[in-house]
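S.K.: Residues per chain, in single letters:
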Amino acid sequence: MGWFTRKRKDAEQPETKEEVFIQCPACKAHIYKAEWEKNLEVCSHCNHHERMTCWERIDLLIDRGTFREINRRVTASDPLKFADAKGTYGEKIKETRQKTGLNESVVTGRGRINGIRVVLAVMDFRFFGGSLASGTGEKIYQAAAYALKHRQPFIIVCASGGARMQEGIVSLMQMPKTCAAIARLQQARIPYFSIMTDPTTGGVSASYAMVGDIHIAEPKALIGFAGRRVIEETIKQKLPDDFQTAEYLMEHGFVDLIVPRKEMKDTLHKLLKYCVAA
Amino acid sequence: MGWFTRKRKDAEQPETKEEVFIQCPACKAHIYKAEWEKNLEVCSHCNHHERMTCWERIDLLIDRGTFREINRRVTASDPLKFADAKGTYGEKIKETRQKTGLNESVVTGRGRINGIRVVLAVMDFRFFGGSLASGTGEKIYQAAAYALKHRQPFIIVCASGGARMQEGIVSLMQMPKTCAAIARLQQARIPYFSIMTDPTTGGVSASYAMVGDIHIAEPKALIGFAGRRVIEETIKQKLPDDFQTAEYLMEHGFVDLIVPRKEMKDTLHKLLKYCVAA
Amino acid sequence: MYLDFEKPIEDLDAKIAELKAASSGTGAGPDPQIEKLEQERSRVLKDLYSKLTPWQTVQVARHPERPLLRDFIAGLCSEFIELHGDRHFADDQGIIGGFATIESHRLMLIGHQKGRTVEENLRCNFGMARPEGYRKALRLMRLAEKFRLPVVTFIDTPGAYPGADAEERGQAEAIARNLLEMAALRTPILVVVTGEGGSGGAVGIGMGDVILMLSNAVYSVISPEGCASILWRDGTKAPEAANALKITARSLLDLKVIDEIIPEPAGGAHRDPQGTMEAVKKALMKHLRRFQGLSSKKLAARRMEKFAAMGRYR
Amino acid sequence: MYLDFEKPIEDLDAKIAELKAASSGTGAGPDPQIEKLEQERSRVLKDLYSKLTPWQTVQVARHPERPLLRDFIAGLCSEFIELHGDRHFADDQGIIGGFATIESHRLMLIGHQKGRTVEENLRCNFGMARPEGYRKALRLMRLAEKFRLPVVTFIDTPGAYPGADAEERGQAEAIARNLLEMAALRTPILVVVTGEGGSGGAVGIGMGDVILMLSNAVYSVISPEGCASILWRDGTKAPEAANALKITARSLLDLKVIDEIIPEPAGGAHRDPQGTMEAVKKALMKHLRRFQGLSSKKLAARRMEKFAAMGRYR
Ligand SMILES: [Zn+2]
Ligand SMILES: [Zn+2]
Chain A
1 MGWFTRKRKD
11 AEQPETKEEV
21 FIQCPACKAH
31 IYKAEWEKNL
41 EVCSHCNHHE
51 RMTCWERIDL
61 LIDRGTFREI
71 NRRVTASDPL
81 KFADAKGTYG
91 EKIKETRQKT
101 GLNESVVTGR
111 GRINGIRVVL
121 AVMDFRFFGG
131 SLASGTGEKI
141 YQAAAYALKH
151 RQPFIIVCAS
161 GGARMQEGIV
171 SLMQMPKTCA
181 AIARLQQARI
191 PYFSIMTDPT
201 TGGVSASYAM
211 VGDIHIAEPK
221 ALIGFAGRRV
231 IEETIKQKLP
241 DDFQTAEYLM
251 EHGFVDLIVP
261 RKEMKDTLHK
271 LLKYCVAA
Chain B
1 MGWFTRKRKD
11 AEQPETKEEV
21 FIQCPACKAH
31 IYKAEWEKNL
41 EVCSHCNHHE
51 RMTCWERIDL
61 LIDRGTFREI
71 NRRVTASDPL
81 KFADAKGTYG
91 EKIKETRQKT
101 GLNESVVTGR
111 GRINGIRVVL
121 AVMDFRFFGG
131 SLASGTGEKI
141 YQAAAYALKH
151 RQPFIIVCAS
161 GGARMQEGIV
171 SLMQMPKTCA
181 AIARLQQARI
191 PYFSIMTDPT
201 TGGVSASYAM
211 VGDIHIAEPK
221 ALIGFAGRRV
231 IEETIKQKLP
241 DDFQTAEYLM
251 EHGFVDLIVP
261 RKEMKDTLHK
271 LLKYCVAA
Chain C
1 MYLDFEKPIE
11 DLDAKIAELK
21 AASSGTGAGP
31 DPQIEKLEQE
41 RSRVLKDLYS
51 KLTPWQTVQV
61 ARHPERPLLR
71 DFIAGLCSEF
81 IELHGDRHFA
91 DDQGIIGGFA
101 TIESHRLMLI
111 GHQKGRTVEE
121 NLRCNFGMAR
131 PEGYRKALRL
141 MRLAEKFRLP
151 VVTFIDTPGA
161 YPGADAEERG
171 QAEAIARNLL
181 EMAALRTPIL
191 VVVTGEGGSG
201 GAVGIGMGDV
211 ILMLSNAVYS
221 VISPEGCASI
231 LWRDGTKAPE
241 AANALKITAR
251 SLLDLKVIDE
261 IIPEPAGGAH
271 RDPQGTMEAV
281 KKALMKHLRR
291 FQGLSSKKLA
301 ARRMEKFAAM
311 GRYR
Chain D
1 MYLDFEKPIE
11 DLDAKIAELK
21 AASSGTGAGP
31 DPQIEKLEQE
41 RSRVLKDLYS
51 KLTPWQTVQV
61 ARHPERPLLR
71 DFIAGLCSEF
81 IELHGDRHFA
91 DDQGIIGGFA
101 TIESHRLMLI
111 GHQKGRTVEE
121 NLRCNFGMAR
131 PEGYRKALRL
141 MRLAEKFRLP
151 VVTFIDTPGA
161 YPGADAEERG
171 QAEAIARNLL
181 EMAALRTPIL
191 VVVTGEGGSG
201 GAVGIGMGDV
211 ILMLSNAVYS
221 VISPEGCASI
231 LWRDGTKAPE
241 AANALKITAR
251 SLLDLKVIDE
261 IIPEPAGGAH
271 RDPQGTMEAV
281 KKALMKHLRR
291 FQGLSSKKLA
301 ARRMEKFAAM
311 GRYR
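Chains as they are written, first to last, in this note's numbering: chain A, 1 to 278; chain B, 1 to 278; chain C, 1 to 314; chain D, 1 to 314.
If you only want the chain C side, here are some residues facing chain D, beta carbon under 8 Å, derived:
1) Arg87
2) His88
3) Phe89
4) Arg169
5) Gly170
6) Glu173
Simulated from the structure, these hints should not be mistaken for lab results. Glycine is no exception: its CB is placed at the ideal position from the N, C-alpha and C atoms.
Next comes chain A alone, as it looks inside the complex (with noise of 0.2 Å):
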């Protein structure tokens, strides 16, 4: 979680070198903060998009003052009473809270896009590496339940790694259960977007990111379903580095749009407009 730390914007302390200069992950280029800042955490060097917390992507998309979180309370569980070398599962699930102020790797919620109502889930890697457990599908399910209801375009900004380990086959379950919550959408005629951020793999890209009505995602994201080292061990060859980046997605059908941060609001207000009845 340095990365967390590294970027925040609250800092009031005196200005130390690490503070005015933030490293590139990507291409390890030294960028004044400020300018990192107003440019979206999007590297002037070579188009890095760095990881953003759900705040910041709600920032970046949502009218101001008309985001309302729903379903907050929602936190991971321990239906497994799951515990490692490290230590117990409930443990982790508190400490991850109080470090990122989140209950589950999501954060769901209604507002506007220039005006236009949606209903917005946003994975949070922080929490948990953005996985999908229990309490994660369950605030899917019922944000796409409060979409459908309203009949308001529902979108899913994903980052996740896959599905939770800690919660076992229950995590595995919250695939059909968010399938499911899509699956009703479709039948009533509402938009589904997916925008898939660095990274979505695993159990989210085979579940909800991989079935919108139109699939959006940041440059060079990571998109996939198995992990690089897994295939690399399976064909016994190495990847391409442009294997499971958003391009490679797209090259290979399964990504409509390739859309910089700086463009995000304002292609999904030009998109939702063909999807929502006048």
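Dock chains B, C and D with the ligands against the given chain A, drawing on the hints supplied.
M.R.: Frame of chain A, contents of chains B, C and D with the ligands only:
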């Protein structure tokens, strides 16, 4: 049309060598005519399935005495008043009708398969290479409409080189026309099986042949969109021998079952039982 | 670039250019001789294009400067958001599509894309789509159906790509599936044949409620060259085949295969792309308005009936 | 073949064999010593299998002699007509399917196919399906929906194939699409987990109205080895991971992820395939009867609700 003459069954002349033996067009083996016919014109050496006339096919598939032809009078028309270097299409239609006793490249009717009522369309390669023209399309459309009206399964036995050039754009329009007929069956949940025999290519493969609930092919049948020569000219490579065979199509996911001629009727019957309410 | 039969125009243009060069810089008023020649040119051009043979029409339809899909998009749409991919295998660039706005109409625009440069042609394979192109088109049509947007398709292709890979991945199945699904699609489909309507590759996105055709476009079951080499056993008889095949807009209207001809400016679309855009836009607007809010279920049934009637001559 | 924990059985079997060899040909009646040993063996076997640890269960679920899909088909179905291909790209043999008859029930049977021999495993890729396998499954489910046949799926896979080609052709999309469509499918779906329920590759055909599981099958979000190497940073801790992951039928029933356990004969399915078939058939028949003629629209809504309830613990 030498092939047709070669296998007429009603020859009453004194037997010469040609009439005692049949030469397999695929492996060139000489086979006793009686054996060839008992074997349903399938070569016992190489399993080559010789093309059949529509009447032979109907005998093969439909319970004896149950076939009733419908729309027999629909015949080839000449919407373009077409003529080429060798004469008019109108003349050629007349000749072909006389030579084959057929009015179009397809015969349609109703009948039973081991007791199950079906509507059947059987193409005949002797009539302009089984080509799809306005009469063909109309007969198939009407047969499908009959199947729809009586809620009986519809089966097409394809044998066609594609759209008939001599009816130009009108032939081409038989592709959407026949697909509209199948779409209506689809909406009404009426089973539609496509049987692809040698050859099923061009506009027929790119319309009703490829939108069946079940796709059945005869062994080694040629099935494809573009002609081998055109493809070889396009890619400047020789194609492998098995290219566009039934087996190749099955490997690539486009054929459900490859069924030897002898088992065709029973297989159809077995399949029909799953698709027809008891 | 002048086509063979445009020699008289070429000559007139040369003369006009010569005179213009001679009189340039003289500061004199309009040269009456040039004006006369230009009137003459206009008359000849109109005359030539009013009497095009089918084979000449083929040449115009394939003219390298004829407006291509991306030109139409730029000329017609105030907005176009391209959507990519078939969600199965690839993003074919031989058929492109996306959300588009024409005047006040939001719609799904889909069409064959040919290229002008070598790179463009490599990318879009000369407008010869692979199965993925047809499957992308179908995906976009279903999207349009979901959001009750009309579909407008633009046809301009020599044909579906006859390559081994396209066969392997089901060129026939992809086209057939499109016809099956377009038959039942519950949203209006408007088709414009803008250039070459090449056989199955054209009809694979061409099953519409209304089919419009530019006056110098062609639409055929087989290329004249292909037909000539089969039926005449001589590829050079393409003009004869073009004639016999009845591939011009006029013939297709007579055969009731198309519904309306969109007249191109004199001298063909490539001489006046702007005028062509206006003509296409006018025709599209008329029909978009006509289909606005039409019951989608009835629509599909009527579309099926429309095609069922094709080839009924008894 | 004996599993590690079956050492007592192996010893007893050796002893019994020894005694039998010694007494063979003597023509005497049943040897009371052998009978005693066989009773002992039966008791020990039952005891062993009633106390299997999760990791031991994994070993049983992966037992090389455990019945595979084709064994179940042979054992359960009076008729099976395999249908091939996804109509897009290939006929994957990692998932197979077709029309099947079990007793008087006609249905669509679909499942993962593992192999026993090297050739079989090459062909079916050890039961690790590619996107084409999932797409074939979906095609067959839609066919079943059209003809109102119930769908029965059999799950036995280490997971979806993690190969570069599978990624390229949309492994994630294929599984996701199946979940979306299975949610809304208007015909009953019955799922039987027979061996390994390997993560997304399993659930990709596992979204049913009722989910049955053989008593020694396992079903997990990740293999115990994979989990151990990530969370314990030590692949040999698989037994601990297996324990923590709650992957046995008993645990899944407690978690309400499955609906019913089908008890295997003592000593596991591989020791008594016939008995296993009978148990599976009995369970299937019960549920097939239960779902017979059920309204298909209500069915899909209920299926969605069933999965919506999973993971609600507040
Ligand atoms: Zn950088
Ligand atoms: Zn032979």
